[in-house]
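Sequences listed follow chains A and B, in order.
Quick note: the first sequence uses numbering that gives the first Met the number 0, first residue 0, plus one each step.
Quick note: the second sequence uses numbering that gives the first Met the number 0, first residue 0, plus one each step.
The set of hints was computed from the structure by calculation and includes no laboratory data.
Remember, it's a predicted structure, so these values are computed and weren't measured experimentally.
Backbone N, C-alpha and C fix where the C-beta goes; we use that ideal spot for every residue, glycine too.
Incorrect hints may appear among the rest.
[Stated by the list, open to error] Straight line, CA to CA, 25 angstroms or less: simulated DSS-like cross-link-like pairs of lysine-lysine: (1) A:90 to B:202; (2) A:81 to B:150; (3) A:44 to A:33; (4) A:67 to A:44; (5) A:22 to B:150; (6) A:47 to A:78; (7) A:47 to B:150; (8) A:78 to A:67; (9) A:22 to A:47; (10) A:81 to A:47; (11) B:202 to B:53; (12) B:40 to B:62; (13) A:47 to A:33; (14) A:33 to A:22; (15) A:78 to A:90; (16) B:163 to B:202; (17) B:62 to B:150; (18) B:150 to A:33; (19) B:163 to A:90; (20) A:47 to A:67; (21) A:22 to A:44; (22) A:78 to B:150; (23) B:163 to B:40; (24) A:47 to A:90; (25) A:44 to B:150; (26) A:67 to B:62; (27) A:78 to A:44.
[Claimed, not checked] Take a look, some chain A residues computed to stay more than 12 angstroms from chain B by CB distance: (28) 37; (29) 45; (30) 49; (31) 50; (32) 52; (33) 67.
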Amino acid sequence: MKKIISFLLVGLLFAGSNDALSKASAAMRAGMYKEALAHISDAQKSDKTNPDVYRMKALLHEALNEPKLALAAWQHCLKYSKDELLSSEAKVHIQSLTEE
Amino acid sequence: MKKLFLFFPILFFSTSCYYGPAVNESYDFAQVGTIEIVPVKDHTYMTGSGEMVKTSLSHNFLKYGFNVHEAEEVGSQISIGNGEQTLELSCIITEYTDAELIVVPYRYEDRGSTTTTVSQSASADADKDKSNTSSSTTTKTDGGAIHSGSKVDYTRARVGIMLKMRDAESGALVWSNSYWYSGLELHRATEICVRNGVNQVRKLFQ
Numbered sequence: 000m001k002k003i004i005s006f007l008l009v010g011l012l013f014a015g016s017n018d019a020l021s022k023a024s025a026a027m028r029a030g031m032y033k034e035a036l037a038h039i040s041d042a043q044k045s046d047k048t049n050p051d052v053y054r055m056k057a058l059l060h061e062a063l064n065e066p067k068l069a070l071a072a073w074q075h076c077l078k079y080s081k082d083e084l085l086s087s088e089a090k091v092h093i094q095s096l097t098e099e
Numbered sequence: 000m001k002k003l004f005l006f007f008p009i010l011f012f013s014t015s016c017y018y019g020p021a022v023n024e025s026y027d028f029a030q031v032g033t034i035e036i037v038p039v040k041d042h043t044y045m046t047g048s049g050e051m052v053k054t055s056l057s058h059n060f061l062k063y064g065f066n067v068h069e070a071e072e073v074g075s076q077i078s079i080g081n082g083e084q085t086l087e088l089s090c091i092i093t094e095y096t097d098a099e100l101i102v103v104p105y106r107y108e109d110r111g112s113t114t115t116t117v118s119q120s121a122s123a124d125a126d127k128d129k130s131n132t133s134s135s136t137t138t139k140t141d142g143g144a145i146h147s148g149s150k151v152d153y154t155r156a157r158v159g160i161m162l163k164m165r166d167a168e169s170g171a172l173v174w175s176n177s178y179w180y181s182g183l184e185l186h187r188a189t190e191i192c193v194r195n196g197v198n199q200v201r202k203l204f205q
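Modelling step: build the complete structure from the supplied sequences, incorporating the hints.
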């Protein structure tokens, strides 16, 4: 007679970041900025150096009147951006938020 | 010689990254008493944008502590000081986009998974008064992958203006600069864009 005891340990360290970003995009369209930010935080767990995601985050913080968080997000955007236009946009926002 | 090699790159970067206003250095801004805001024309694609920007200009001057007088015949007048000169502030809307599509490319990293299966078996033989147990562990690792090339999109607003001031009497252009700002909402982008301009104008009179 044999007894077999099996248990399965599955550690999914990451799953579904594209889904998180799609949800963030949908929430933005619906004007649900707080919800969009929560989804962006999930998406950033797997793509921490994406300047476009930081721009999304910064614009959301600005819309929610959170200038300090917006400034931090724009600074990260500038740090990781290799695109001239995006860097220029980040600089304009950083300057404006610093003077505020 | 080494200093010369360092000087030119520094000069190049400092001038290419600087978007300051153009100012007539010989003009005495201390003699200015009033700024008249010239009515702003609508942007081609947005009816009413001119009025929005003009109202925002008056609002921001008021917010910075200036006296604003609005009369139907002359438009908005901003009291600056006790001087005799009058400056005309005109604004051109260079960009007024309500819904610019922004595409966000992204990659996501599937860091994989680890599955551990533990099997145990036990057998007891009554006749031989003997029992056996055995166990085995199997670990299966999925290395994961980096997926890229996907994208999502959203819309944002973008506002651009060009401000210039000329002396009402002589017609001399004394100051000009351009500004732009982006945001999720058009009214907010307009407000901040104009505020940045007015903030720089007020520094001339401090």
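Against the structure, the hints come out as follows:
1. A:90 to B:202: Within the cut-off at roughly 21 angstroms; holds.
2. A:81 to B:150: Cα-Cα ~18 angstroms, so holds.
3. A:44 to A:33: holds, 18 angstroms
4. A:67 to A:44: holds, 21 angstroms
5. A:22 to B:150: holds, 12 angstroms
6. A:47 to A:78: holds, 12 angstroms
7. A:47 to B:150: holds, 16 angstroms
8. A:78 to A:67: holds, 17 angstroms
9. A:22 to A:47: holds, 18 angstroms
10. A:81 to A:47: holds, 15 angstroms
11. B:202 to B:53: holds, 20 angstroms
12. B:40 to B:62: holds, 23 angstroms
13. A:47 to A:33: Holds - the C-alpha atoms of residue 33 of chain A and residue 47 of chain A are around 20 angstroms apart, at most 25 angstroms.
14. A:33 to A:22: holds, 12 angstroms
15. A:78 to A:90: Roughly 11 angstroms separates the two Cα atoms, so the pair holds.
16. B:163 to B:202: holds, 15 angstroms
17. B:62 to B:150: Not OK: residue 62 of chain B and residue 150 of chain B at ~41 angstroms, beyond 25 angstroms, violated.
18. B:150 to A:33: Distance ~21 angstroms between residue 150 of chain B and residue 33 of chain A Cα, so the pair holds.
19. B:163 to A:90: holds, 23 angstroms
20. A:47 to A:67: The given pair, whose Cα atoms are some 19 angstroms apart, holds under the 25 angstroms limit.
21. A:22 to A:44: With Cα atoms ~15 angstroms apart, residue 22 of chain A and residue 44 of chain A stay inside 25 angstroms; holds.
22. A:78 to B:150: holds, 21 angstroms
23. B:163 to B:40: Roughly 14 angstroms separates the two Cα atoms, so the pair holds.
24. A:47 to A:90: holds, 20 angstroms
25. A:44 to B:150: holds, 17 angstroms
26. A:67 to B:62: holds, 22 angstroms
27. A:78 to A:44: The given pair, whose Cα atoms are some 17 angstroms apart, holds under the 25 angstroms limit.
28. 37: Check passes; 15 angstroms lies beyond 12 angstroms.
29. 45: Incorrect as stated: the minimum Cβ-Cβ distance to chain B is 5 angstroms, not above 12 angstroms.
30. 49: Non-interface label on residue 49 of chain A violated, nearest chain B Cβ at 6 angstroms vs cutoff 12 angstroms.
31. 50: It is violated; residue 50 of chain A is separated from chain B by about 10 angstroms at its closest Cβ, not greater than 12 angstroms.
32. 52: Contrary to the label, residue 52 of chain A does not stay out of reach of chain B, its closest Cβ about 6 angstroms off (not over 12 angstroms).
33. 67: holds, 16 angstroms
In summary, the structure is inconsistent with hints 17, 29, 30, 31, 32 from the numbered list given earlier, while agreeing with the others.
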